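Using the hints provided, position chain B relative to the given structure of chain A.
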Amino acid sequence: MNPRPLLLAAILVSAALVSAAGAALAHHGWGSYDAGKKFTITSPVETLAWQNPHVHVTVKHEGGTWEAVLAPPFRMDARGLNPDLIKAGTSVTLEGYPSTRTERELRAERITVAGKTYELR
Amino acid sequence: MGEVYVEALRALEDSGLGHLARHSAWTFTIANVLHVIGAALVLGGIAVFDIQVLLRRGWLAAQTGRVAIPLAAFGLALQVLTGLVLLAAEASALGRNPAFYAKLAFIALGLLNLALVHARFRGALRTEVPDGARAFAAVSLLAWTATVAAGRMIAYL
Numbered sequence: 014m015n016p017r018p019l020l021l022a023a024i025l026v027s028a029a030l031v032s033a034a035g036a037a038l039a040h041h042g043w044g045s046y047d048a049g050k051k052f053t054i055t056s057p058v059e060t061l062a063w064q065n066p067h068v069h070v071t072v073k074h075e076g077g078t079w080e081a082v083l084a085p086p087f088r089m090d091a092r093g094l095n096p097d098l099i100k101a102g103t104s105v106t107l108e109g110y111p112s113t114r115t116e117r118e119l120r121a122e123r124i125t126v127a128g129k130t131y132e133l134r
Numbered sequence: 004m005g006e007v008y009v010e011a012l013r014a015l016e017d018s019g020l021g022h023l024a025r026h027s028a029w030t031f032t033i034a035n036v037l038h039v040i041g042a043a044l045v046l047g048g049i050a051v052f053d054i055q056v057l058l059r060r061g062w063l064a065a066q067t068g069r070v071a072i073p074l075a076a077f078g079l080a081l082q083v084l085t086g087l088v089l090l091a092a093e094a095s096a097l098g099r100n101p102a103f104y105a106k107l108a109f110i111a112l113g114l115l116n117l118a119l120v121h122a123r124f125r126g127a128l129r130t131e132v133p134d135g136a137r138a139f140a141a142v143s144l145l146a147w148t149a150t151v152a153a154g155r156m157i158a159y160l
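Protein chains in written order, with our numbering: chain A, 14 to 134; chain B, 4 to 160.
Keep in mind the hints are simulated off the structure, nothing from the lab.
Here the structure is a predicted model, which means the values were calculated and not measured.
We treat Cβ as the ideally placed atom computed from N, Cα and C, and that holds for glycine.
Some clues are possibly wrong.
Said to hold, decoys possible - Ranges between beta-carbon positions, derived for each pair: (1) Leu107/B - Phe52/A: 34 to 42 angstroms; (2) Asp90/A - Ala14/B: 25 to 33 angstroms; (3) Thr103/A - Gly19/B: 28 to 36 angstroms; (4) His69/A - Gly126/B: 48 to 56 angstroms; (5) Lys129/A - Gly19/B: 32 to 40 angstroms; (6) Ser104/A - His26/B: 43 to 51 angstroms.
Chain A with its partners taken away, still in its complex shape (with noise of 0.2 angstroms):
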């Protein structure tokens, strides 16, 4: 057998891999959120998408609209989370850190409504 064409594949697929594994380094692991800038906000919901692939809820903070990307809702679900437990109009508290793309949108660790906080990672 010829190692050479091995060879080659072998560059050729840890080639790909190297130059994603940069890309992925080059972020943060969960996505484009500054995790040095965790703020809490805390306000009544108001809208609600229960929807994949992330549940999202808009809340006021500092005199603004903020969107919220929760988690998806099967993991929502799973954390014991259900839609009327955070409809619009409730008051929640949320934990979680801005998009640095996305002016007023922050990805949300946890929620706190009704006394009980739930995990969202």
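Frame of chain A; chain B shown alone:
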């Protein structure tokens, strides 16, 4: 051109399929799971064939291809269908993701390479793949590996 593309993405997102992908409990989840299985079939199927070609196993490559290529083709069809569902959920955002552009480019490279192989070698592919196909096998291996890698990167960019 750019506007037509953005309009098409919006239309897909606003379509019944987009609505179904976002609001049905299982559609997105099932599409997501099948998209992983499809990626395994495409890359695994085509890689065993490409590697046989790279190793100059002409006859064995042709024999391998009889099983491996239909498997990869089935996987590719599965990817197009499930990928459309995943894209429809958030088409406006995903369609303009740099990793998605890269993925489309690698798919185009893979398909162009496939067309060139068939145009150049035709029937020979069924009996004994010629050594002249090795460069195409290398491009194929690179294109489909990079397609999967770029696809996974969409979630991180």
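For each hint, the structure was consulted:
{"no.": "1", "hint": "Leu107/B - Phe52/A: 34 to 42 angstroms", "verdict": "holds (36 angstroms)"}
{"no.": "2", "hint": "Asp90/A - Ala14/B: 25 to 33 angstroms", "verdict": "holds (30 angstroms)"}
{"no.": "3", "hint": "Thr103/A - Gly19/B: 28 to 36 angstroms", "verdict": "holds (30 angstroms)"}
{"no.": "4", "hint": "His69/A - Gly126/B: 48 to 56 angstroms", "verdict": "holds (55 angstroms)"}
{"no.": "5", "hint": "Lys129/A - Gly19/B: 32 to 40 angstroms", "verdict": "holds (36 angstroms)"}
{"no.": "6", "hint": "Ser104/A - His26/B: 43 to 51 angstroms", "verdict": "violated (25 angstroms)"}
Consistency note: the structure conflicts with earlier hint 6 alone.
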